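Which chain is which? The protein sequence lines are A and B, in order.
Okay, so the first sequence: first residue is 53 according to the numbering used here, each after it adds one.
Okay, so the second sequence: first residue is 53 according to the numbering used here, each after it adds one.
Any given hint could turn out to be false.
A pair holds if it fits inside one copy or across any two, identical chains being indistinguishable in the list.
Below, computed lysine-lysine pairings styled on DSBU-like, alpha-carbon distance capped at 35 Å [unchecked claim]:
hint: 1; residue 1: Lys440; residue 2: Lys212
hint: 2; residue 1: Lys351; residue 2: Lys138
hint: 3; residue 1: Lys138; residue 2: Lys394
hint: 4; residue 1: Lys116; residue 2: Lys99
hint: 5; residue 1: Lys67; residue 2: Lys278
hint: 6; residue 1: Lys212; residue 2: Lys169
hint: 7; residue 1: Lys214; residue 2: Lys67
hint: 8; residue 1: Lys116; residue 2: Lys241
hint: 9; residue 1: Lys188; residue 2: Lys64
hint: 10; residue 1: Lys388; residue 2: Lys98
hint: 11; residue 1: Lys351; residue 2: Lys214
hint: 12; residue 1: Lys147; residue 2: Lys64
hint: 13; residue 1: Lys99; residue 2: Lys363
hint: 14; residue 1: Lys278; residue 2: Lys241
hint: 15; residue 1: Lys363; residue 2: Lys249
hint: 16; residue 1: Lys99; residue 2: Lys64
hint: 17; residue 1: Lys278; residue 2: Lys64
Simulated from the structure, these hints should not be mistaken for laboratory data.
Predicted, not measured: the structure shown is a model, and the values here were computed from it.
2 protein chains.
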Amino acid sequence: MEFEEMWSDRLKSLKGNAIREIFKLLANPNVVSFAGGFPTLGLLPKKEISAIANEILTGEDAEKILQYGGTEGYSPLLESGLNYAKRFGVQGEIKNTLVISGGQQGIDLMFKAFINKGDVVLVENPTYLACLHILKTYEGVAVGVDSDEDGINIEDLENKIKTYRPKIFYVVADFSNPTGKTLSLEKRKAICEITAKYGVIVIEDNPYGEIRFSGEKLPSIKSFDKTGNVVYVTSFSKTIAPGLRTGIAVGDERIIRKMTIGKQAVDVHTSNLSQAIVDLYLRRGLLQPHLKEIIPVYKSKKEAMYGAIQKYMPLDRVKFTNPDGGLFIWGEFFDKSVDLDKCFMDCVTKTDTAYVSGSSFFAKEGITNCLRLNYSNASIEQIENGIKKLGNYFKENL
Amino acid sequence: MEFEEMWSDRLKSLKGNAIREIFKLLANPNVVSFAGGFPTLGLLPKKEISAIANEILTGEDAEKILQYGGTEGYSPLLESGLNYAKRFGVQGEIKNTLVISGGQQGIDLMFKAFINKGDVVLVENPTYLACLHILKTYEGVAVGVDSDEDGINIEDLENKIKTYRPKIFYVVADFSNPTGKTLSLEKRKAICEITAKYGVIVIEDNPYGEIRFSGEKLPSIKSFDKTGNVVYVTSFSKTIAPGLRTGIAVGDERIIRKMTIGKQAVDVHTSNLSQAIVDLYLRRGLLQPHLKEIIPVYKSKKEAMYGAIQKYMPLDRVKFTNPDGGLFIWGEFFDKSVDLDKCFMDCVTKTDTAYVSGSSFFAKEGITNCLRLNYSNASIEQIENGIKKLGNYFKENL
């Protein structure tokens, strides 16, 4: 049978998420990949999770965990997850809280609740590519907002709000993916004020906030929310383990309710075992010592990569960010005609080193002079060698 | 802030899934509930799952399990899950297979891939209410097909296909939810032929097929599929544990690919720990002995309920199905003016016993003379007492 004429409009021409497609190309174990966004292997707390899982499944609530649960989430995790969000100044009660199957589901459920075909979502330029991918599945329109060194340009945000009348503004305040930039305190407050003034809903996505290795911790945008227009989404993928697919959304009760109705239709509820593991992990206070263990590793990897960039990259032609946390460094060639999409396969073949071309991170198509480099998933030695090879390749070929 | 004007069309007026809403009303532990569709507590294989989880999380692949995985699914489970599907005659390879976060996600991803606003999906009359709920989130239109004792009326199916030109036909062949009916072998073949002839895609949902306690096992509709128009969806919720949220879809490679692109946007991938547990459970051959243990219990509960119905229900006014498997018995009052929606709260209050009104299971609104009774989640004693109370209530009030 032929399906070509039958696909829905939303998926008809949608290609796979660019990064997840790259992963398949990188099956070759000799390739050093700076393409992913995986937490460092070897740092996932398997002993603690193993002990907790064992306790849960041999404990008196084991059957409850294996049975169906409520869509809203496992009650203990609603409590401990909310407390976790409060670490960034998020205010809320249980009724404001929803367990999600990874932070990304928070974006999906928000778009499900709000976005009709043609509705505009403002995003940072560049932004998290999964956000753009998800938005396409709702036939929404992404419009990019200019970005300064300290994130979103507030003036451009207000202009774009006036011009495009967006329903939603999506933003990562701490160590954005892909740029690694952090929004200043003033800008967080300004975002809250301006969006409230114009009745724009904010999705504040905070998957990386705990992975800070320099600079001062800042309160979330949500912490300044007086009108209920900010929905805070966080994930345990970078702090505990991505394979568990568990996160938390906190927002206005009515929005959380709509997201819950959406989630009923999507996956009924998040895996109870994942939820119970994350709950006990948080409750036992295991997160703080774990962060103390992993942050210095991320810091040293970032420093290794930033150092290698200074040594090997053609810095007269490309500039890189130097993030205070998170997993990514962002590079931008001054010459906009540089095409990092086009040379990707050639580069991987010749250098055995992979980056992600920046083009997938922009609302607008055709921006090919940027790249994202991940430092969490390679060793210091691989980082040094890989950046050297990439730098040489760029010098010779671009 | 006010959100009323901002909700998406798809969720604007959508209420919560009726059954999941009832669960909240039934928090009172004195209420005997025939409303759910939960596997029997006490029969979930917690010892085996606990041992397997421990093995996985202390084994050499523990970190791989805690790390991000592929959207398609955990490779070993793609293999063992496909083998599981083959128990019902399903043919396919790994490229035809996708791991889903519970069987319901299979329906969601299929509608995401195919359904535009206004597109028609044919369903059995009555059908699985989550299917109707999910369809609403895609603004599709459900049209009911008449049903005989042995399921779907084939003539009406063909007529409705000609009249409504549906993209998809959704059907549960074994022990349908809510009626408990099973499709005859001839009808399975006929469905395959007719849908292929008219180019209609079939979602064959088989969550209950393994829970057969009488009659002969039948091959799936998918087993007769020659053109690739049938997508087979199954779940481990009723056979292993619903809390793990894991299932399998098998279909044409192009459809599986579209579902995968949809799933990338929805939850990235299913919990790896759930996937690895289900995989080892299947690989170790634990399913067969487990089914041997649970099927007699389901049988005895069904017989207790069917027996109590014969004793206590006003059978001159209502008829019930007598299923060969699954979790549900369906009742239909001959008088169409009987309103089981309206009397629900009164009945629960007076009898401490809950059913689900059938109205939520129909594509058309306003059919209030039917009810669904679940027998898996109550003890034999509760079944006897509950049906007695319900029967008396119906005799006195309807």
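TODO: First find the shortest C-alpha distance between lysine 138 and lysine 394 inside one copy, then the shortest across copies, and answer within, between, both or neither for a cut-off of 35 Å.
DONE: neither (44 Å within a copy, 43 Å between copies)
Open item on the list: With identical chains, the pair lysine 278 and lysine 241 could be close in the same copy or across copies; at 35 Å between alpha carbons, which is it: within, between, both, or neither?
Closed with: Intra 11 Å, inter 61 Å, cutoff 35 Å: intra-copy only.
Open item on the list: With identical chains, the pair lysine 388 and lysine 98 could be close in the same copy or across copies; at 35 Å between alpha carbons, which is it: within, between, both, or neither?
Closed with: neither (44 Å within a copy, 58 Å between copies)
TODO: Indicate which option fits the pair lysine 116, lysine 99 if close means a Cα-Cα distance not exceeding 35 Å: within, between, both or neither.
DONE: both (24 Å within a copy, 13 Å between copies)
Open item on the list: I want to check one pair: lysine 214 and lysine 67. Are their C-alpha atoms no more than 35 Å apart within a copy, between two copies, both, or neither?
Closed with: both (31 Å within a copy, 33 Å between copies)
Task: Status of lysine 64 relative to lysine 188 across identical chains (alpha carbons, at most 35 Å) - done: both (11 Å within a copy, 20 Å between copies)
Task: 35 Å Cα threshold - placement of lysine 212 relative to lysine 440 - done: Neither way: lysine 440 and lysine 212 sit 40 Å apart in one copy and 65 Å across, limit 35 Å.
Open item on the list: Please sort lysine 351 with lysine 214 into within, between, both or neither, judging by C-alpha distance up to 35 Å.
Closed with: Cα proximity of lysine 351 and lysine 214: none, with 40 Å in one copy and 64 Å across.
Task: Up to 35 Å CA-CA - lysine 64 versus lysine 147, copy category - done: between (37 Å within a copy, 20 Å between copies)
Open item on the list: Within a copy, between copies, both or neither: which one fits lysine 212 and lysine 169 at a CA-CA cutoff of 35 Å?
Closed with: Both: 19 Å inside a copy, 29 Å across copies.
- [ ] Evaluate lysine 363 and lysine 249 at a C-alpha cut-off of 35 Å and name the case that applies: within, between, both or neither.
- [x] Classified as neither: same-chain Cα gap 47 Å, cross-chain 66 Å, threshold 35 Å.
- [ ] With 35 Å as the alpha-carbon cut-off, assign the pair lysine 99 and lysine 363 to within, between, both or neither.
- [x] Neither. Shortest intra-copy (38 Å) and inter-copy (56 Å) distances fail the 35 Å Cα cut-off.
Against the hints set out earlier in the document, violations occur for numbers 1, 3, 8, 10, 11, 13, 15, 16.
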